[in-house]
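*Asks:* Please construct the entire structure, taking both the sequences and the accompanying hints into account.
Take a look at the letters that make up each chain.
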Amino acid sequence: MDEKVLYSMTGLFDTPDQIIEAAEKVSDKGYTKFDVHTPYPVHGMDGAMKLPPSKLGYAALVFGLSGTLTALTLMYWMSVIDYPNIIGGKPFFALPAFIPIIFEVTVLAASVATVLTMLFVFFKFPNNVHPLHDTDYMKAVSSDKYGISIQSEDPLYDEAEITVLLGELGAYKIEEVYYDNDEVLEKHNIFEPKFIGLLLVLVILTSGTAYFVLNKLMFLPPFNWMANQGKVIPQENHTLFADTKGMRTPVQGTVARGYLPYPYSGQPELAAANLANPLLPTEENLALGKSKFNTFCSPCHGYFAEGDSRLNGKFPNPPSLHSAKLREWTDGRIYHVIVEGQNVMPSYSSQMTREERWATILYIRTLQRSLNAKESDLQ
Amino acid sequence: MNSTEHRIEYERKELPAGLFKIGLVFFIIGLIVAVVGYFVDPTRSAFNNLIILMFLISVGLGSLFLVALEYIGGAVWSTPFRRITEFFAAVLFILPFFIIPVYFNIHDMFHWTHVEEVLKDKILSGKSAYLNEGFFTIRIVLFFAIWIFFYLILTRNSKKQDTTLDQSLTKKNIKISAIFMPFFGITLTLASIDWIMSLEPHWFSTIFGIYYFSGTILTALAVTTFMVVYLNEKGLLVKGLKRDHYYSLGALLFAFINFWAYIAFSQFLLIYYANLPEETYWFIARTEGSWVFVTILLGVVHFLVPYIGLLSQPSKMNPKRLKFMAVWILCAHLLDMYWLIMPTFSKDGAAFGWMELGYPLLAFGTIILVFYYFAKNKDLIPVGDPKLKRGIDFRL
Numbered sequence: 046m047d048e049k050v051l052y053s054m055t056g057l058f059d060t061p062d063q064i065i066e067a068a069e070k071v072s073d074k075g076y077t078k079f080d081v082h083t084p085y086p087v088h089g090m091d092g093a094m095k096l097p098p099s100k101l102g103y104a105a106l107v108f109g110l111s112g113t114l115t116a117l118t119l120m121y122w123m124s125v126i127d128y129p130n131i132i133g134g135k136p137f138f139a140l141p142a143f144i145p146i147i148f149e150v151t152v153l154a155a156s157v158a159t160v161l162t163m164l165f166v167f168f169k170f171p172n173n174v175h176p177l178h179d180t181d182y183m184k185a186v187s188s189d190k191y192g193i194s195i196q197s198e199d200p201l202y203d204e205a206e207i208t209v210l211l212g213e214l215g216a217y218k219i220e221e222v223y224y225d226n227d228e229v230l231e232k233h234n235i236f237e238p239k240f241i242g243l244l245l246v247l248v249i250l251t252s253g254t255a256y257f258v259l260n261k262l263m264f265l266p267p268f269n270w271m272a273n274q275g276k277v278i279p280q281e282n283h284t285l286f287a288d289t290k291g292m293r294t295p296v297q298g299t300v301a302r303g304y305l306p307y308p309y310s311g312q313p314e315l316a317a318a319n320l321a322n323p324l325l326p327t328e329e330n331l332a333l334g335k336s337k338f339n340t341f342c343s344p345c346h347g348y349f350a351e352g353d354s355r356l357n358g359k360f361p362n363p364p365s366l367h368s369a370k371l372r373e374w375t376d377g378r379i380y381h382v383i384v385e386g387q388n389v390m391p392s393y394s395s396q397m398t399r400e401e402r403w404a405t406i407l408y409i410r411t412l413q414r415s416l417n418a419k420e421s422d423l424q
Numbered sequence: 005m006n007s008t009e010h011r012i013e014y015e016r017k018e019l020p021a022g023l024f025k026i027g028l029v030f031f032i033i034g035l036i037v038a039v040v041g042y043f044v045d046p047t048r049s050a051f052n053n054l055i056i057l058m059f060l061i062s063v064g065l066g067s068l069f070l071v072a073l074e075y076i077g078g079a080v081w082s083t084p085f086r087r088i089t090e091f092f093a094a095v096l097f098i099l100p101f102f103i104i105p106v107y108f109n110i111h112d113m114f115h116w117t118h119v120e121e122v123l124k125d126k127i128l129s130g131k132s133a134y135l136n137e138g139f140f141t142i143r144i145v146l147f148f149a150i151w152i153f154f155y156l157i158l159t160r161n162s163k164k165q166d167t168t169l170d171q172s173l174t175k176k177n178i179k180i181s182a183i184f185m186p187f188f189g190i191t192l193t194l195a196s197i198d199w200i201m202s203l204e205p206h207w208f209s210t211i212f213g214i215y216y217f218s219g220t221i222l223t224a225l226a227v228t229t230f231m232v233v234y235l236n237e238k239g240l241l242v243k244g245l246k247r248d249h250y251y252s253l254g255a256l257l258f259a260f261i262n263f264w265a266y267i268a269f270s271q272f273l274l275i276y277y278a279n280l281p282e283e284t285y286w287f288i289a290r291t292e293g294s295w296v297f298v299t300i301l302l303g304v305v306h307f308l309v310p311y312i313g314l315l316s317q318p319s320k321m322n323p324k325r326l327k328f329m330a331v332w333i334l335c336a337h338l339l340d341m342y343w344l345i346m347p348t349f350s351k352d353g354a355a356f357g358w359m360e361l362g363y364p365l366l367a368f369g370t371i372i373l374v375f376y377y378f379a380k381n382k383d384l385i386p387v388g389d390p391k392l393k394r395g396i397d398f399r400l
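Just so you know, the protein sequences line up as chains A and B, in that order.
Using my numbering, you'd call the opening residue of the first sequence number 46 and step up by one each time.
Using my numbering, you'd call the opening residue of the second sequence number 5 and step up by one each time.
Quick caveat, the hints were computed from the structure, so don't treat them as lab data.
Fair warning: there could be bad hints in the mix.
Computed list of lysine to aspartate or glutamate pairs in EDC-like fashion (alpha-carbon distance at most 16 Å, straight line) [stated by the list, open to error]:
no., chain 1, residue 1, chain 2, residue 2
1, A, LYS419, A, GLU373
2, B, LYS243, B, GLU13
3, B, LYS246, B, ASP397
4, B, LYS246, B, GLU13
5, B, LYS246, A, ASP91
6, B, LYS17, B, ASP383
7, A, LYS95, B, ASP248
8, B, LYS393, A, GLU373
9, A, LYS49, A, ASP179
Listing some non-contacts, in silico: residues in chain B with all C-beta distances to chain A over 10 Å [what the hints assert, rightly or not]:
no., residue
10, ALA79
11, GLY130
12, ASP248
13, SER319
Predicted, not measured: the structure shown is a model, and the values here were computed from it.
We put the CB at the ideal spot given by N, CA and C, even for glycine.
*Replies:* Below is the structure:
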């Protein structure tokens, strides 16, 4: 409180018309470093003070557009690249469906970021000191008076002249305002432990109270949360049906998509005679067959189909697939074994698609010919 | 700058003669096109007639709505040019002339007027309690009666105030405006359903009324904006109208451009997302063949261009920009009506020819002539309105 510095010359008025006139005259005289304080926004003040349009709009534009871009890329990445799902028969990139989200994010980004820019850049938050704070002048203008304050920094500042000017305009209480240099220069740090601690306490308090009120205090029986709904849930009972089974068995004769009934159940001869391998022994098919054989068949039959299982006697060893019988079997006959199994060998129809089965058979054929090559293979 | 110090500086002057001339030229060309068109292709000309009928309803009824809105809202900034809006509302008087050609061709335009077809059609039979010629006619008469009735009492009170300076007339008009609002909402919605939506009687959109409303308000604002800026530049209005008034008009135009886009997109999105065949075919008809270009054009003309054109703050105060955008928006609303109505007439592609060029001239000519006739030798501002002075002093 030792060093007092002159901040400005202030004057008070009683009506909004007077303050508009004062602002006009003061700006006409060429003063630039002055401000007007009123208890509520007075229409037409910007023009009277000759203020340039605010630059805040540009911040809103930039943040809004980044919101647009973020939402668009996010939606695109999620629904086209990372997790493409067909929803309601729409293309992955369903722009009309994205627009509401893009719009919301744009508005959210623009409004939140604009407020933050205003606070941090224009109001210089967290600094909250101003030379006019705690003065009689500020008390008056925040209740029912209209004030003008011409700063000493203004190049035209001249005490006597301003006193006369304000007097002519009808101002009263024309006073100089001084401030304490140390107090105004004091800087606040936003990461101050006290402030962060306060924020933390606030966060815990509000979320704790919300949790307690919503989940403990207000939770009364017929008031159920979203998890409890009257809908039918798979594998649960539901009173909607006479047998109370939530999961319904399909209508008789229903065929699942992509599924074909196997017509030769229990009839290996018919399968052998009627089924033909639809695949050609191309590199691709053989590669597929090899991978499936190694996965599904080799544990018992061995990598080379010689019956050398890796099961260490825990399971009866299967016969070699190189036998003369097997070499004479048609593809359809082997196919039948894969679909239906044979004695202790289980069926593999649920593990392998039709195409994979046929490809595996092609691979078994190559294995067979590796030990029992045909005449033609030797040329 | 005490507001009690300065008087209202207004002097009644002759309207510019150019206004009358251009209105007359437009009207005569349009009338010739309409008459010739009616003999060449009565159905097509009836559809065009319907387009400008809906456009003129937007001008007349929308203006009456703005007048009522000012009374209810207690707005002062628009009081100095409320009379201009009132003159435009007088377009309501000539609307009955434009419904006549539509009415004579009702069977060529509205599928539901064919009783034998309706009987065969389960959906249309269900709607026939509402969509039948008798009730349709009653509604037409009722709509015009309601609109003209409210026009007459609102403007009569407003004009009476010029001489009597009776402040209670403002209070009376506030009450009448409040009564008018629900009538306005219901009649406007039903009119848009009757005269546009029922062209495709199987189709329905639950926000069709709002969609038409958004364009209506935009159109009414545009005619007022154009005339206010034009007359003020010629010095025919009260002294003291300035950027603040212009800015408010521009901001409202901008707001309703966004509102239109919002509603238009909402209507599309819901139908697109639900993907129900009974709703989507209306949009499919507008994206098939050359119609897709009209649809894209509508988005550009009705939203993108005016949005960018009025986005910045200075552009909303720039008289030249305002006048240009006002005329642009009027054309956009005409295009909107064309987009709503014409696909029923020409299903295989957008039809555009001399008729589609001539009819809008008839509409513009009619508006200008009606305005000229009603505004001639009258005060262009409500000289007796208690809010007038505050309105002139209005600052942002």
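*Asks:* Is the Cα-Cα distance between LYS246/B and ASP397/B 16 Å or less?
*Replies:* Between LYS246/B and ASP397/B the Cα gap is close to 10 Å, so the pair holds against 16 Å.
*Asks:* Beyond 10 Å from every Cβ of chain A: is that where the Cβ of GLY130/B lies?
*Replies:* Non-interface label on GLY130/B holds, nearest chain A Cβ at 28 Å vs cutoff 10 Å.
*Asks:* According to the definition I'm using, a residue is off the interface if its beta carbon is farther than 10 Å from all beta carbons of the partner; does ALA79/B meet that for chain A?
*Replies:* Non-interface label stands for ALA79/B: nearest chain A Cβ at 14 Å, farther than 10 Å.
*Asks:* Check the hint pairing LYS95/A with ASP248/B against an upper bound of 16 Å on the C-alpha distance.
*Replies:* The hint holds at about 15 Å.
*Asks:* Is LYS243/B within 16 Å of GLU13/B, Cα to Cα?
*Replies:* holds, 6 Å
*Asks:* Is the Cβ of SER319/B farther than 10 Å from every Cβ of chain A?
*Replies:* At about 12 Å from chain A, SER319/B clears the 10 Å cut-off, so the statement holds.
*Asks:* Decide if the proposed pair is consistent with the structure: LYS419/A and GLU373/A, CA atoms, cutoff 16 Å inclusive.
*Replies:* holds, 13 Å
*Asks:* Quickly compare the C-alpha distance for LYS17/B and ASP383/B to 16 Å and report which way the hint goes.
*Replies:* Holds, at about 8 Å.
*Asks:* Within 16 Å, alpha carbon to alpha carbon, are LYS246/B and ASP91/A?
*Replies:* The given pair, whose Cα atoms are some 15 Å apart, holds under the 16 Å limit.
*Asks:* A cut-off of 10 Å on Cβ-Cβ distance, and ASP248/B was said to be off the interface with chain A. Does that hold?
*Replies:* violated, 7 Å
*Asks:* Straight-line Cα separation of LYS393/B and GLU373/A no greater than 16 Å?
*Replies:* The hint is violated at about 109 Å.
*Asks:* Please work out if LYS49/A and ASP179/A have their alpha carbons no farther apart than 16 Å.
*Replies:* Holds, at roughly 15 Å.
Violation of the numbered hints given earlier is confined to hints 8 and 12; the remaining hints are satisfied by the structure.
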